[in-house]
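The primary structure of each chain is shown beneath.
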Amino acid sequence: MTGLTSFYREKEAYLLGIGFIVFLLALWQCVPLLITLPRGYALFFTTPSRIAATFYRLLVEGQIQEHFYVSVAAFLSGLGIAIAVGLPFGIVMGRSRTLDALSDPYVTALNATPRLVWLPLFILWFGIGIWSKVMIVFVGAVFPLLINTYAGVKNVDRVLVNVVRSFGANEWQVMKVVVLPNSLPYIIVGLRLAIGRAILGVVVGEFFGSSKGLGFMIASAASNYKVDVVFAGVAIFMGLSLILTLSVKKLENSLARWRPEAAKNF
Amino acid sequence: MVPCIQARDISLTFKPKNRDPVTALKELTLDVAKGEFVSLVGPSGCGKSTFLNVLLGLLKPDGGEIRLNGKQITGPGQERAMVFQEFGLLPWRTVLANVELGLELKGVQASVRRERAMELIKMAGLAGFASHYPHELSGGMKQRVGLARALVTDPEVLLMDEPFAALDAQTRDLMQLELLQIWDRTKKTVVFVTHSIEEAAYLSDRVIVISARPGRAKDVMKIALPRPRDYEMRLSAEFNDIKARIWASLKEELVTK
Amino acid sequence: MGLKEKYHEYHRPILGMASVIGLILLWELTLTYLIPVDPFFFTKPSLIGTAFREQLFGERLWRDLAISSRAFIWGFSLSVIVGIPLGAVMGWRRRVEYTLDPLLTALYASPLVALAPLLIIFFGVGLLGKAVLVFLLAVFPFIFNTSAGVKSADPLLINVVRSFGGKELDLYLKVILPGTFPYIVAGTRLAIGRGLVGIIVGEFYAASEGIGFAIQNYGDTYRLPDMFVGIIVLSAIAVALTELLRKAELMVAPWRAGEEIR
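Protein sequences, first through last, are from chains A, B and C.
If you're matching positions, the first sequence starts at 0 in numbering that gives the first Met the number 0 and goes up one per residue.
If you're matching positions, the second sequence starts at 0 in numbering that gives the first Met the number 0 and goes up one per residue.
If you're matching positions, the third sequence starts at 0 in numbering that gives the first Met the number 0 and goes up one per residue.
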């Protein structure tokens with residue numbers, strides 16, 4: 000008995016959190032048993048077990064894989080380009096006051112506006128296919144990376160720069176020994192935000208500008224009232240987001256070994 | 000004999016954007032002999048630290064000449080190393096990697112610099128802490144790392160910018176004593192900036208009082224106390240006499256400010 | 000003050016303005032003299048300017064804006080009404096937080112926009128569907144930031160108020176509420192961005208009016224200058240709201256100027 004209570008005490012947060020999710024799923028599953036839905040609504044209704052069954056069927060049929068690869072290709076290329084562009088630009092903006100001032104209006108305006116407004120233009124330019132998606136993923140992901148890199152470079156401690164200079168370091172060494180290590184935690188946070196934006200870009204890009212991919216699968220299933228398929232697709236995106244976000248969080252924590260406990264969650 | 004450090008009429012004016020220029024140093028002249036321990040005391044903002052940065056080569060004076068062993072100082076060099084007030088340790092590096100910094104930047108081979116760094120870590124009393132990160136250390140230990148890091152390239156001149164100001168009183172006493180021992184063993188030339196008259200009198204061969212801004216060398220006092228010095232000496236009448244003399248000179252600067 | 004000092008003082012805005020004007024000129028001149036391009040695929044500032052003037056005095060832009068704003072305001076208000084109390088309870092009661100946090104964190108990290116097609120089918124292409132989408136996206140920053148704000152209440156300050164004989168109510172009014180305010184304002188800024196995404200996706204997806212629909216519709220019909228007018232107007236609104244909130248952050252919490260929360 001005491002063993003059980005102390006086990007509960009120790010794992011309370013975990014048990015309550017997971018327990019609540021399980022409870023909600025069970026409740027959802029039981030809705031048809033508890034109330035009779037009117038005919039019109041029954042069409043839109045599904046249960047977790049039916050979603051799981053549909054998910055399994057799509058997986059066996061290979062439909063999910065087919066759409067998945069298309070989505071992942073757009074996600075990775077867009078995010079890759081965003082990293083390749085965002086990091087160098089962030090560093091340069093952080094080091095040069097003039098370039099910072101020159102680019103500030105664009106960064107502010109583009110960052111405040113939801114980048115999805117560009118989608119119709121990209122579809123017009125690149126057609127319905129991977130490139131319009133890559134572009135929308137790119138514009139979504141590049142700003143968190145750029146802005147966080149910039150912040151990391153800007154927040155470098157002047158004293159540390161002086162320390163390294165006092166040992167005769169040149170500009171490149173200052174960059175390598177002080178500026179980059181200081182920016183790394185910021186860049187990782189930027190990466191976490193960028194991943195979220197990139198997935199958003201894939202989803203919405205495929206709703207409108209694609210004839211393949213998980214987003215397309217969701218949209219076309221919805222217009223055919225295949226609610227199970229919609230939820231199966233949403234579940235994949237949820238899983239993907241969670242796995243990626245959690246791995247980046249892990250990376251954040253491992254990189255934060257040198258920081259005092261309290262500052263880790265910034 | 001040529002003095003180790005020769006500063007002649009050093010002037011430096013900061014011209015910050017949007018604000019009035021500030022003359023930090025004006026025609027500051029002083030010599031430091033080889034192996035000598037010299038302290039600079041003066042009111043806040045008198046340019047003591049600025050002068051150290053000129054010596055270090057991070058700041059260029061507008062006027063005057065500054066020479067090290069007869070050669071003009073034009074930038075940082077490995078004959079000089081600085082111990083910083085805020086420690087200036089790279090937080091993402093371990094103690095070992097922090098101490099290695101100077102050798103690493105010179106391109107010294109990894110195994111060689113590691114060995115040398117470990118030697119200094121031991122000398123600074125940090126044996127067993129080589130793989131700790133700075134945030135795991137106390138203030139006193141952080142400054143030991145700072146000292147070991149400065150000494151790793153075996154510089155001729157050690158510049159110390161209020162190195163013990165951030166420490167508590169007891170740690171400070173201890174560190175002063177250890178600094179004297181290290182100085183005695185390594186025969187470095189030391190230029191030491193401090194706010195504390197007591198610290199300056201205790202450590203130095205000469206104390207130089209810097210005037211309120213713009214800073215110049217106002218008074219030079221020789222501290223003729225025997226070495227090695229110990230804590231008890233600080234209780235002697237002679238020592239108090241010296242402190243009173245420094246205070247008298249410094250007080251005028253505080254009043255005019 | 001000399002000209003040079005004036006320049007130093009305003010050097011950022013001057014350079015920023017110069018770069019915007021420079022880009023507009025470059026864009027215009029390139030497309031006019033260097034590479035004359037297909038007007039269906041490219042446009043230039045002068046054409047956008049003309050379209051802008053026409054739309055400004057026309058009816059459609061204003062109607063679209065009114066329609067989008069209505070859905071936005073409904074969804075956004077609902078997320079304030081739900082998010083702040085929920086976040087406050089989560090921050091104040093440990094067990095509630097334990098229970099809700101994993102679910103809400105998972106939902107916050109997920110692209111809930113993926114539910115848009117379903118929501119539109121469920122709630123229709125009109126006001127309701129869009130408002131629900133906005134709510135679903137905007138509610139999370141309110142929940143999490145309010146909770147963080149309540150949790151950030153300094154135990155020392157709580158003890159100070161208690162030691163002066165303060166009651167539970169004093170605690171809420173004097174310590175917790177003021178401490179939470181800056182967090183909520185920061186959450187509002189995030190929520191605005193997410194809410195705008197909701198409006199745009201909702202209107203792209205299945206609408207026949209609204210600013211998002213207009214942008215997409217102009218794109219479909221190759222009316223690029225008009226499409227850019229829509230984008231610029233939306234951009235201007237987003238920047239204005241964001242900057243307003245930034246100012247508000249500084250006002251409610253000058254002591255934490257510039258600090259990012261979540």
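Any given hint could turn out to be false.
Each computed SDA-like pair below joins lysine to any residue, with the alpha-carbon atoms no more than 25 Å apart [unchecked claim]:
#1 K248(A) - T4(A)
#2 K105(B) - D153(B)
#3 K246(C) - A52(A)
#4 K175(A) - K25(B)
#5 K211(A) - L241(A)
#6 K225(A) - A205(C)
#7 K25(B) - N161(A)
#8 K175(A) - P154(B)
#9 K153(A) - L241(A)
No lab work stands behind these hints: they were computed from the structure.
Outcome of the hint check:
For the proposed pair K248(A) and T4(A), the alpha carbon gap of about 31 Å is over 25 Å, so the pair is violated. The suggested pairing of K105(B) with D153(B) holds, with an alpha-carbon distance near 13 Å, which does not exceed 25 Å. For a cut-off of 25 Å, the pair hint linking K246(C) to A52(A) is broken: about 51 Å separates their Cα positions. A hinted pair counts as satisfied when its Cα atoms are at most 25 Å apart, and K175(A) with K25(B) does not qualify at roughly 37 Å.
With a C-alpha separation of about 23 Å, the suggested pairing of K211(A) with L241(A) holds against the 25 Å cut-off. Of the pairs offered as hints, the one joining K225(A) and A205(C) holds, with about 18 Å between alpha carbons and a cut-off of 25 Å not exceeded. Pair hint K25(B) plus N161(A) holds up; C-alpha atoms about 23 Å apart against a cutoff of 25 Å. A threshold of 25 Å between alpha carbons decides the hint, and for K175(A) with P154(B) the separation of about 24 Å falls inside it, so the pair holds.
Between the alpha carbons of K153(A) and L241(A) the distance comes to roughly 30 Å, so the proposed pair goes past 25 Å and is violated.
Of the hints listed earlier, those the structure fails to meet are numbers 1, 3, 4 and 9, in rising order.
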